[in-house]
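Sequential numbering of the sequence shown, starting at 4, is according to my numbering.
Check the hints yourself; a few may be wrong.
SDA-like mimics (lysine to any residue), calculated; alpha carbons at most 20 Å apart, straight line [said to hold, decoys possible]:
hint : residue 1 : residue 2
1    : Lys217    : Lys404
2    : Lys217    : Tyr204
3    : Lys404    : Trp139
4    : Lys116    : Val96
5    : Lys238    : Leu421
6    : Lys238    : Leu432
7    : Lys172    : Thr189
No lab work stands behind these hints: they were computed from the structure.
All of these numbers come straight from a predicted model, not from anything done at the bench.
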Amino acid sequence: IAIPCLCGSAPCLLCRCCPSGNNSTVTRLIYAFFMLLGVGIACIMLMPGMEEHLKKIPGFCHVNCDVLVGYKAVYRVCFGMAMFFLLFSLIMVKVKSSQDPRASVHNGFWFFKFAAATAITVGAFFIPEGPFTTVWFYIGMAGAFCFILIQLVLLIDFAHSWNESWVEKMDEGNSRCWYAALLSATTINYALSLISLVLFYVYYTHSDGCTENKVFISINMLLCVGASVLSVLPKIQESQPRSGLLQSSIVTLYTMYLTWSAMTNEPDRRCNPSLLGIIGLNSTTPAGQDRVVQWWDAQGIVGLILFLMCVLYSSIRNSSNSQVNKLTLTSDESALIEDGPAPENFEEGDGTNRAIDNEKDGVTYSYSFFHFMLFLASLYIMMTLTNWYSPDANYQTMTSKWPSVWVKITSSWICISLYVWTLVAPLVLTNRDFD
Numbered sequence: 004i005a006i007p008c009l010c011g012s013a014p015c016l017l018c019r020c021c022p023s024g025n026n027s028t029v030t031r032l033i034y035a036f037f038m039l040l041g042v043g044i045a046c047i048m049l050m051p052g053m054e055e056h057l058k059k060i061p062g063f064c065h066v067n068c069d070v071l072v073g074y075k076a077v078y079r080v081c082f083g084m085a086m087f088f089l090l091f092s093l094i095m096v097k098v099k100s101s102q103d104p105r106a107s108v109h110n111g112f113w114f115f116k117f118a119a120a121t122a123i124t125v126g127a128f129f130i131p132e133g134p135f136t137t138v139w140f141y142i143g144m145a146g147a148f149c150f151i152l153i154q155l156v157l158l159i160d161f162a163h164s165w166n167e168s169w170v171e172k173m174d175e176g177n178s179r180c181w182y183a184a185l186l187s188a189t190t191i192n193y194a195l196s197l198i199s200l201v202l203f204y205v206y207y208t209h210s211d212g213c214t215e216n217k218v219f220i221s222i223n224m225l226l227c228v229g230a231s232v233l234s235v236l237p238k239i240q241e242s243q244p245r246s247g248l249l250q251s252s253i254v255t256l257y258t259m260y261l262t263w264s265a266m267t268n269e270p271d272r273r274c275n276p277s278l279l280g281i282i283g284l285n286s287t288t289p290a291g292q293d294r295v296v297q298w299w300d301a302q303g304i305v306g307l308i309l310f311l312m313c314v315l316y317s318s319i320r321n322s323s324n325s326q327v328n329k330l331t332l333t334s335d336e337s338a339l340i341e342d343g344p345a346p347e348n349f350e351e352g353d354g355t356n357r358a359i360d361n362e363k364d365g366v367t368y369s370y371s372f373f374h375f376m377l378f379l380a381s382l383y384i385m386m387t388l389t390n391w392y393s394p395d396a397n398y399q400t401m402t403s404k405w406p407s408v409w410v411k412i413t414s415s416w417i418c419i420s421l422y423v424w425t426l427v428a429p430l431v432l433t434n435r436d437f438d
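Turn these sequences into a full structure, and let the hints steer you where they fit.
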């Protein structure tokens, strides 16, 4: 039974203890699992002492295991994942419903897709060193920049959904309790942002230097204050009653994260202290030497958590009004249908839980863009696990470079700009319906 299921569609992979669900959701979760499996392998390759363990395997390392560990292994594992998702993104262009033959490939044949992803990843390790690492670094930086912007869309959608849910509960009853919860969440977000701001000025600036950090922190602080004030102006509230300080507080906190992430990539170590140095512990890296690339740095851990939240949220988000579906479904792709509950006449047969094909009339999300988003996510995770460090001329070590700093700080400015545009768009484009 297992082999036909692995070659079949998503519903066959649901176990008896799993709840029934929609085919579109199950499929996205399985692709998310593919992605998480690749992330786990990349993390293992970054663990210290991994090269010595591989050398103990007879015949495993014919010449050396250098390419199988460290940032080089991360680059190749993520290259395999990225190419797999990019290939499917191209194959799934203009799929309009599950009746399309390509939809069965998207929703099934999991064994063959797993084998294909494995083959592409293994083949990546045979790519000659040459300029591959440097070129792939800049491609990864551009793709990660785009995924950061997608993170903002997912974050705003989550904030709006959170706000709408609690406001509806306020209207239904026990308004004081839900108002207090809403106020508390907003206050906590702003408090964390304020604490972060103070810590930035204390640890990432000096009276006689670190001018760039001072500018970054000050500009982003003013932009966040301006966006928060704008969100509660009477005209904005009149055109968009859903806008409020909860969304602004989440965007502010995310902007503080991007600011901190940018400063942790500064080449000047005096303006970029390690987390161990901040909390009073001695750094294990001698002065004047490059830091060791490892995914468990504070920046890598936070970035990994955000990545997991965004990928899983985009996989399970079902509302037809969500920004996720507006982002992943173009107007000429298909009719957007509600990813609703199971039909009452669904045949359960032997009682095994199944996924319902809810896309016969139209897809609930763009297959092509979903895979393209995972392609960008693969590049983002590659940059996160290597701390956005750039390989040196000899491809032996990784160093912090200013391009990574500017990519992150620019993305923070674009994030705030996009959020502000969502507030003022109804006032500017009066002939469009934004409901």
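key: List of violated hint numbers, smallest to largest   = none
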